[in-house]
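**Q** Sequence:
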Amino acid sequence: MSNILKEYKKAIKIKYEIEKQGKYFDYLYSPSRAKLRDLCWLIFENNPAQDDLNVFRNLFSLDFDHSKKNKFKEQKDKFRPIETFFKGETDPTNIDAINMAAIMVDFEPRPFKKFYDTYKIEGTKEIESTGKKNAITHHSKRRKYLSKFYSYFF
205 MSNILKEYKK
215 AIKIKYEIEK
225 QGKYFDYLYS
235 PSRAKLRDLC
245 WLIFENNPAQ
255 DDLNVFRNLF
265 SLDFDHSKKN
275 KFKEQKDKFR
285 PIETFFKGET
295 DPTNIDAINM
305 AAIMVDFEPR
315 PFKKFYDTYK
325 IEGTKEIEST
335 GKKNAITHHS
345 KRRKYLSKFY
355 SYFF
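Letter by letter, the sequence shown follows residues 205 to 358 in my numbering.
Honestly, the hints are just simulated from the structure, not real lab data. Fair warning: there could be bad hints in the mix.
[As the list claims (entries may be wrong)] Computed spacing ranges between beta-carbons, pair by pair:
no., residue 1, residue 2, range
1, 310, 288, 18 to 24 Å
2, 277, 207, 34 to 40 Å
3, 253, 227, 14 to 20 Å
4, 324, 233, 31 to 37 Å
5, 230, 288, 16 to 22 Å
6, 206, 249, 32 to 38 Å
7, 324, 278, 37 to 43 Å
8, 271, 207, 41 to 47 Å
We treat Cβ as the ideally placed atom computed from N, Cα and C, and that holds for glycine.
Using the sequences and the accompanying hints, generate a full structural model.
**A** Shown next as C-alpha cells:
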C-alpha cells in the first residue's frame, strides 16, 4: 500500500503544479498556512461532496458549518503539513492532510480510498487480461496505468 500512497502523493503534487497557475493562483502560488486555510474555507462554502466533508471532519475534528468560520480560523496550524508538502519541503504521513491537499487542488480520484480502489482495479484488470500474475508484470502494468493517468495532466 505504501507504493500506492506514494503514487497518490505524486499525482496530487503534479496536479498542484498545474493548479497553482490557475484559478486559485493567489492562494497556491506561494502557499502559506493562512492562504491555504482561506482557500479551504472558500472551497467548502461551495457545496462540497460528502467524502470531502468527511476529510474536513477528520482533519479538523469539527463539522463544516458556515456559522463557525471564527472557530475554523483557529485551525491554521493544521495546514502546515499541506503547506510544506506543496513547497516540496516534507513528505506528509497524515492521510487526512494528504486528502485535504487533494481537495485543495481538485485532484480526482479522491480521497485516498477511491484512488487505492481505482489503482487496484486497473492493475488487476490488466493482469487478468494478459493471464500473467507475476509481481514484475503486475508492477509494470501499474506503472503503465499511472503513466496514462499522468498523461491526462499534460
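**Q** Next, verify each hint and record whether it holds.
**A** Now the hints, each set against the structure:
A hinted range of 18 to 24 Å holds for the C-beta pair residue 310 and residue 288, which are about 20 Å apart. The hint said 34 to 40 Å for the Cβ distance between residue 277 and residue 207, and at roughly 37 Å that hint holds. As the Cβ distance of residue 253 to residue 227 is approximately 18 Å, the hint placing it in 14 to 20 Å holds. Between residue 324 and residue 233, the C-beta spacing of about 35 Å keeps the proposed range 31 to 37 Å intact.
For residue 230 paired with residue 288, a C-beta distance near 19 Å keeps the hint of 16 to 22 Å intact. As the Cβ distance of residue 206 to residue 249 is approximately 35 Å, the hint placing it in 32 to 38 Å holds. As the Cβ distance of residue 324 to residue 278 is approximately 38 Å, the hint placing it in 37 to 43 Å holds. For residue 271 paired with residue 207, a C-beta distance near 42 Å keeps the hint of 41 to 47 Å intact.
In this structure, none of the earlier numbered hints is contradicted; all agree with it.
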